[in-house]
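If you read the sequences in order, they're chains A and B.
Numbers 1 to 290, taken from full-length UniProt numbering, label the letters of the first sequence in order.
Numbers 1 to 240, taken from full-length UniProt numbering, label the letters of the second sequence in order.
Honestly, the hints are just simulated from the structure, not real lab data.
Treat the hints with care, since some could be wrong.
So the derived list for chain B, only partly shown, Cβ under 8 angstroms to chain A, looks like this [as the list claims (entries may be wrong)]:
id	residue
1	Ser66
2	Ala70
3	His71
4	Leu80
Below are the EDC-like pairs computed for lysine to aspartate or glutamate, each with C-alpha atoms no more than 20 angstroms apart in a straight line [what the hints assert, rightly or not]:
id	chain 1	residue 1	chain 2	residue 2
5	B	Lys26	B	Asp211
6	B	Lys202	B	Glu174
7	A	Lys106	A	Glu215
8	B	Lys107	B	Glu117
9	B	Lys57	B	Glu113
10	A	Lys160	B	Glu113
11	A	Lys160	B	Glu5
12	B	Lys156	B	Glu55
13	B	Lys57	B	Asp21
14	B	Lys94	A	Glu215
15	A	Lys172	B	Glu83
Please read all numbers here as calculations on a predicted model, not as lab measurements.
Glycine included, every Cβ here is placed at the ideal spot set by N, Cα and C.
What follows is each chain in one-letter form.
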Amino acid sequence: MDLFLQYLITGLTVGSIYALLAVGFVTIYNVTGVLNLAQGEFAMIGALSCVTLVNLGIPIFGAIPLAILITAIIGLAVERLAINPARKATPIVLVVITLGVSIFLKGMGLIIWGTSPKSLPPLVESKSIEFMGAVVNSQSLWILVVLIAHLVVLYWFFEKTFLGSALRASEKNPRAASLMGINTSTMSMIAFTIAAGLGAIAGVMIAPLTDATYEMGFFIGIKGFVAMIFGGMHSIPGAVAGGLLLGVIEAFSGGYISTYYSDALAFGFLLLVLFFRPQGLFTKATGERV
Amino acid sequence: MFKVESLSSRIGKIQILHSLDFHVDKGEIVSIIGANGAGKSTLLNTLAGIYTPVEGKVTLQDDLISGLPAHKIVGKGLCLVPEGRQIFPGHTVKENLTLGIYSKYYKDRKHVEENLERMLELFPGLKKHYHRIGGNLSGGEQQMLAIGRALMSDPKIILLDEPSMGLAPKIVNEILEILVRIKEEMGTMVILVEQNVKAALKVADRAYVMDQGKFIMNGTNEEISSNPEVKSAYLGIKVG
């Protein structure tokens, strides 16, 4: 039982990181119709720039928001320089553009930060806490709390603010949104900025758990992508649930079977989802009233 | 006054509209009727800026609006209620209406509140669903919501694309009555595109008949509805 709880907490911690990436994917995909393959690179930039800022002597709690800000600005620049000029192109062309952006950002990461892995000092002094029989790293718990807070803020933003409501409208039906006077190009810019910021948070949160390198973006991006598929590609709550589920699957298969197989099991589960519920696990069958 | 001069439009490589001329005077309902595929929806979408015209001029009270992107045209005072209503199904009724006045939301919150109240007065049926999501409304209520959402932006001219589609005759009548009210109370110009010709001619002041991207006839609604060709082709009345 105590092990079960330990795996569950580990799974939820890693899963909430995937959830942030998946929300980034969903936000961009729905507002612009683009599957942003550079999403993982935003996590890399967030993590590594945070390491650099900490090494420059900035305290960690100042470095984190700065790193997120830097990444968000890069996300905005990517949209304005690479996506917006090609707005009229077909979605597949835009996806290839994001692949190019991903390779470019990874290359820049290599030039700036080199090949050696960098680690971020722990956010809080690392000690083990006993929680209902399970031994949990305080670091993990802290990350979990931060991530939950961010997900709550995201929920509030999308559901309760007017800008969030306009973004959701552009997601649902860009043409009708433009008939309301909503500039969908601005919405696309905002979507990329938010997604990049979310990627950076994910990167900063994962850096103390594993090391950060210039090529970390690919794998973490794939994980976020899988989480989005679990959730059905269109729904933000679905993406969050998908991320948590993926994290928990990985943690349990790593704990009870073998860490060698945890990725294989997670991706195997993805195949099952694609075979049997390609519309996503958490979406209801949809129908339009005519 | 709303004026369209030699407007041509194409979708992809196919020319849909061929040099159309027409106008709507203040406080007038103009109906555009025609068969499926005549180009009526393309015309409305071109006026609203979804498609860019390849030729011609559209002016709204001497303000040139053709060539502007859709979201700017709304600000100039032209609003389209698209075919199939296209409300935002996951948004509440209130959110749907508020999005209609998007460009003024941050500038004049009081005005937004006033318009919301006016819409509830105009469409009392929406009141009890105010905080429920739009996707659960009936077809007629969704159409009311779509019209209300368009009126939120205080349009000088409102374009409606097949508002009667899939609705019961009683509800169609309610919607037509509202159009007359909008015209009389707010002096809004209305362009009504309909396949339900009988209904359209009931409220229109004038009508244009469209065929293959051209106007083949125009006149007051009496002239149009008594025309033998219109009678046989669109009203299903056998002549002679």
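Let me make sure I understand: some of the numbered hints might not hold for this structure. Which ones are they, in numerical order? 1, 5, 9, 11, 12, 14
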